[in-house]
Amino acid sequence: MFEKKNLGSGFSATTILIITAVLIFVSAQSYLEMRTPDPDVDRVVPANGFARKKLSDYFDGLKETPADTDVFIQQGEEPGGTVLILGGTHANEPASTLAAVLFLENTRINQGRMIVVPFANIMGRTHTYPQDGHPQIYHIKKEGSKSRIFRFGARVTNPVHQWPNPDIYIHPGSGQTMAGVERSNLNRAHPGRPDGCITEKLAYGFLKLIQKEKVDLAIDLHEASPEYPVVNAMVAHERAMELAAIVTMELETQNISIRLEPSPKQLHGLTHREWGDHTDALAVLLETANPAMGRLRGRTDEELILTGTDKAYRKAFDLGQLYIPYEDGTEPIAERVARHVAVVKELAFNLEMVREGKGIDLEGVPDYDKIVDLGVGAFLAD
Amino acid sequence: MEWFWPEGMYTIVMVGVFAIASFVFKQPIAVALTIAAVTGALISGNGVPIDHLVEGSFGYLDTILIIICAMIFMKTLQHVGAMEAVAAWVTRKYRHRPFLLTMSITVFVMFPGMITGSSTAAVITAGAIVAPILLKLSVPPVKTAAAIAMAAIYGMAAPPVNIPAMIIGGGIDMPYVGFGIPLLVCTVPLAIFTGMLLMYPDLKRIAKSGKSENGGLENELKKMAHVPLTPRLLLPIFVLLALLGGERAFPSVSPSFGMPLAFLIAAGSGLLTGKKWNPYLASKEAVRASLPVSGILVGVGMFIQIMTLTGVRGFFVVSAISLPAWALYLGIATSMPVFGAVSAYGSATVLGVPFLLALLGRSEIIVGSALSLIAGLGDLMPPTALAGLFAAQVVGVENYFKVLKACIIPALVTALWGITIILGAQFF
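Respectively, the protein sequence lines represent chains A and B.
Residues in the first sequence are numbered from 0 upward in steps of one, following numbering that gives the first Met the number 0.
Residues in the second sequence are numbered from 0 upward in steps of one, following numbering that gives the first Met the number 0.
Keep in mind the hints are simulated off the structure, nothing from the lab.
For every residue, glycine included, the Cβ atom is placed at its ideal position computed from N, Cα and C.
Hints should not be assumed to be uniformly reliable.
DEER-style ranges, computed between Cβ atoms [stated by the list, open to error]: (1) B:G44 to A:Q74: 49 to 55 Å; (2) A:E260 to B:G360: 18 to 24 Å; (3) B:G46 to A:R51: 37 to 43 Å.
Partner residues aside, some chain B positions facing chain A, computed with beta carbon under 8 Å [said to hold, decoys possible]: (4) I49; (5) V53; (6) D61; (7) Y175; (8) T307.
Some but not every residue of chain A turned toward chain B, in silico, with C-beta under 7 Å [claimed, not checked]: (9) V25; (10) P163; (11) R296; (12) G297; (13) T299; (14) K314.
With the hints as extra help, turn the sequences into a complete structure.
What follows is the structure, given as structure tokens:
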């Protein structure tokens with residue numbers, strides 16, 4: 000099998016090496032674009048009143064690392080509670096980032112404080128995941144020919160920053176075992192540790208942020224596959240369950256149906272468990288349905304990210320495989336962002352009911368119907 | 000028709016181009032897969048997306064590293080003489096006890112597959128060593144090749160390393176944890192059955208006739224046992240067991256080297272066995288031996304990325320899960336081995352994941368284990384036949400189809416056993 004006659008010549012080896020070098024050069028240009036994007040990509044325009052800080056202001060260990068990310072804080076005139084909105088834990092869940100950006104660019108806080116982190120794991124925004132076939136960016140259309148551009152990244156930290164992972168990841172603190180790749184997943188690394196891998200350090204940074212800013216309500220925004228049981232759902236820590244139940248009922252009156260799930264006590268590393276256990280904050284996690292990240296999806300492109308229109312999912316819905324209503328075969332980004340925004344607003348408005356003197360009053364953020372009707376782009380700055 | 004068009008057409012074109020490149024133009028499987036992937040991208044209007052093609056191939060980077068490093072470990076064992084010494088010792092000890100000899104040879108051939116997750120590794124290391132022994136013991140060449148090929152496939156499916164199971168589990172975010180016992184249940188009964196079918200009758204006949212004392216065999220064993228079997232000679236195996244076993248048994252205290260580094264450290268300990276060998280030569284042989292499998296994984300990665308990009312994957316997956324129950328089981332038992340003509344890994348990726356999704360609600364670990372076993376049969380399917388063809392080569396059988404014929408009964412029993420396990424998974 001490895002006889003000399005089967006081996007190539009020096010000429011063929013050289014030719015193949017040259018072709019390989021060209022392919023590496025061409026593909027590397029494309030990948031590097033995600034690491035040093037155009038200034039217009041992932042640009043945010045904070046509303047008046049937001050002050051920009053860095054996560055490393057709360058945990059020194061993140062300074063000058065690829066994990067350090069922007070933290071925006073707005074203080075209202077009246078004292079009240081503090082809400083944290085975390086977007087972009089997983090960079091392949093765009094409604095999470097867009098909802099956080101929408102709050103960042105529209106909110107005026109009258110009472111209490113709002114902290115917004117639109118890109119929680121920026122190390123997930125610098126690459127796409129092999130065999131997922133995702134585009135690197137997507138456009139949110141605005142009036143006329145204008146649009147805002149965001150990166151569509153991966154669920155996990157770029158291996159350039161953290162590789163290799165062990166075969167089995169043992170969650171620090173709980174000792175829970177997970178697949179090795181989960182070590183790169185921010186939402187399995189909470190509460191983090193100061194001397195851990197870069198993803199664990201990032202998680203630790205958020206723990207310190209919540210503790211130092213005395214956050215009352217911590218909301219982690221996500222998306223999930225339509226075939227995943229926890230979708231269009233709110234997962235709440237037991238201390239946040241009362242607030243979550245109030246909000247679920249409020250949303251029912253607005254015809255926004257949401258599944259309420261208790262945070263499993265044995266499932267560690269996730270925000271709704273660890274923030275609830277290690278801080279005073281009421282911790283909740285929100286999930287909308289994103290066909291572009293599902294296993295059953297058909298053609299994978301920007302259109303799928305934005306419209307959620309997919310005939311493979313439509314057929315899967317007929318087969319009873321989905322956990323969302325999908326009769327019309329679409330799950331547009333506007334609806335997913337609107338859902339996140341509506342739930343966050345209700346959580347903030349009702350905080351006073353479970354924490355006296357910690358009310359939050361905000362304005363400027365559009366309601367569900369407006370976002371669905373006009374699209375997300377209508378509420379993003381130029 | 001609305002469901003079929005255009006993704007169904009893309010599927011037919013991609014599979015067709017692969018078949019033509021492979022069968023008609025005799026291109027290596029990796030190259031044929033690449034051509035099919037590029038064609039799929041072109042006809043779906045994606046041009047030649049170099050970034051997607053390269054990115055897809057990176058999906059198996061870790062797997063390729065494991066295979067290459069594991070092969071370096073196996074070559075180290077060969078070069079220090081440990082493999083031959085063990086084979087000679089086993090044969091001498093059990094040549095009058097055909098059942099134990101059959102089982103020992105089966106386990107011996109399975110071992111490299113269990114460690115590397117590659118049937119090819121098992122055939123070209125352990126298979127090449129036991130082939131002359133079996134031939135000297137008068138087992139017919141075709142049966143010898145079939146026995147080696149089947150044992151190598153069971154070794155690939157057996158724990159601790161089962162790459163198809165890792166691939167299938169990865170498809171639904173299921174960690175490769177807790178697979179040990181299900182994989183043993185999947186493989187051990189079949190390994191015993193196949194050994195009894197293909198080797199035992201001849202070994203028993205020879206043991207009864209007393210011909211196992213023949214001079215030819217003794218000379219062969221003497222040649223093989225030129226290095227005495229001592230605990231020191233087996234040092235690399237002990238080191239590997241300590242590194243991999245320690246990580247799994249005491250994960251909180253044992254350092255995690257990762258499989259590739261663990262294999263390299265264990266191979267490095269071969270320098271302490273007291274035998275003279277050339278690590279450079281062993282590594283070079285190992286990399287050469289790993290290249291075909293690694294190349295296929297690179298090709299499969301590109302193929303799958305383009306399937307995802309074009310919607311072929313979703314078409315395939317949803318078509319699979321829409322099959323009625325009886326057709327689903329029939330589909331698993333037939334399409335997975337047949338698709339294995341690309342490679343068992345490709346079969347696990349493209350078909351294993353949707354079939355597992357279609358069977359959600361049963362024990363996913365047990366179903367995933369059984370699917371990985373059935374996917375392993377793909378390594379018998381021409382044109383690649385990664386286990387079968389190499390087994391025929393090490394035994395010297397020119398017509399592979401004779402070997403394939405001898406594998407039919409064990410392969411059918413394997414598929415049936417796999418389906419039985421899937422049916423039983425609903426009770427766990």
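Holds or violated: is there a CB of chain B closer than 7 Å to the CB of A:T299? 6 Å, holds
Using the nearest Cβ pair, does B:Y175 come within less than 8 Å of chain A? Hint on B:Y175: holds, closest Cβ of chain A at ~7 Å, below 8 Å.
A closest beta-carbon separation below 7 Å is what the hint needs, so does A:G297 meet it against chain B? 4 Å, holds
So, as I understand it, the hint says A:V25 touches chain B; can you test that by seeing if any CB pair is closer than 7 Å? It holds, given that the least Cβ distance between A:V25 and chain B is near 5 Å, below 7 Å.
Given a hint of 37 to 43 Å, does the C-beta separation of B:G46 and A:R51 actually sit inside it? The hinted range 37 to 43 Å holds for B:G46 and A:R51, with Cβ atoms some 40 Å apart.
Proposed interface contact between B:I49 and chain A, which counts if any beta carbon pair is under 8 Å: 5 Å, holds
Holds or violated: the 18 to 24 Å window for the beta-carbon distance between A:E260 and B:G360? With Cβ atoms ~19 Å apart, the hint holds.
A:R296 was flagged as interface toward chain B. Is the shortest Cβ-Cβ separation under 7 Å? 5 Å, holds
C-beta pair B:G44, A:Q74: status relative to the range 49 to 55 Å that was hinted: For B:G44 and A:Q74 the Cβ distance comes to about 51 Å; the hint holds.
Quick check on A:P163 please, does its C-beta sit within 7 Å of some C-beta on chain B? 5 Å, holds
Interface hint check: A:K314, Cβ to nearest Cβ on chain B, cutoff 7 Å. Holds or violated? 5 Å, holds
Would the hint on B:V53 stand, with a C-beta cut-off of 8 Å toward chain A? Nearest chain A Cβ about 4 Å off; hint holds.
Going down the numbered hints, you'll see the structure goes against none, and every one checks out.
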